[in-house]
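In case it helps, this note's numbering puts the sequence shown at residues 1 to 145.
Errors might be hidden in some of the hints.
[What the hints assert, rightly or not] The list that follows gives simulated cross-link-like pairs (lysine-lysine, DSS-like), each with its CA atoms no further than 25 Å apart:
#1 K38 with K133
#2 K133 with K55
#3 K87 with K133
#4 K88 with K55
#5 K87 with K55
#6 K133 with K88
These are computed hints drawn from the structure, not numbers from a lab.
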Amino acid sequence: MNKLLKLQLSRIALVSGISFIAINASLSAIASWVEISKSPDNTPIYIDPERIVRKGDIVEFWRRNLFTTPQPDGAFGVDNYHSINCKKGLFRWRRSIRFDPNGRIVSENDIGKEDKLLEMQIQPGSIIEDFYKSVCPPVEEQVKN
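With the sequences and hints as input, model every part of the structure.
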């Protein structure tokens with residue numbers, strides 16, 4: 001085999017190996033996450049059940065979306081921190097972290113913990129309602145508390 005062909009085959013093997021590692025790392029990064037819903041473009045939306053925090057009627061949790069194509073800022077996905085007031089049916093977006101395929105942070109936005117203007121009523125049939133159904137106890141149990 002000539003040297004040029006060997007070099008091209010080596011490059012193909014290297015690129016394939018790197019692609020496999022990146023895909024495998026992405027999949028293992030969501031291994032503990034549970035699919036809860038689908039985005040409008042039909043990509044899965046996940047919640048990390050290991051990091052759900054319950055404080056009375058308030059439930060805080062992390063959600064993850066992986067993008068189907070890299071974003072203009074280089075982001076491959078986004079982790080968002082949300083809280084839901086289960087009793088009042090209110091949702092609040094708390095934090096957003098966009099990351100590249102290597103897990104490095106591309107951008108962060110701390111949206112705020114106490115700003116009442118950021119609260120939204122949970123709408124029936126929405127992705128937020130899917131979160132509500134996943135992290136809040138059934139209504140019958142909420143009435144007992």
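Quick rundown of the hints versus the structure:
Restraint check for K38 and K133: the C-alpha separation of about 14 Å stays at or below 25 Å, so the hint holds. The suggested pairing of K133 with K55 holds, with an alpha-carbon distance near 17 Å, which does not exceed 25 Å. For the suggested pair K87 and K133, the alpha carbons sit about 12 Å apart, so the restraint of at most 25 Å is met. Distance check on the hinted pair: K88 and K55 sit about 14 Å apart at the alpha-carbon level, within 25 Å; holds.
Taken as a hint, the K87 and K55 pair is honoured in the structure, with Cα atoms around 12 Å apart against an allowance of 25 Å. The suggested pairing of K133 with K88 holds, with an alpha-carbon distance near 14 Å, which does not exceed 25 Å.
In this structure, every one of the numbered hints holds.
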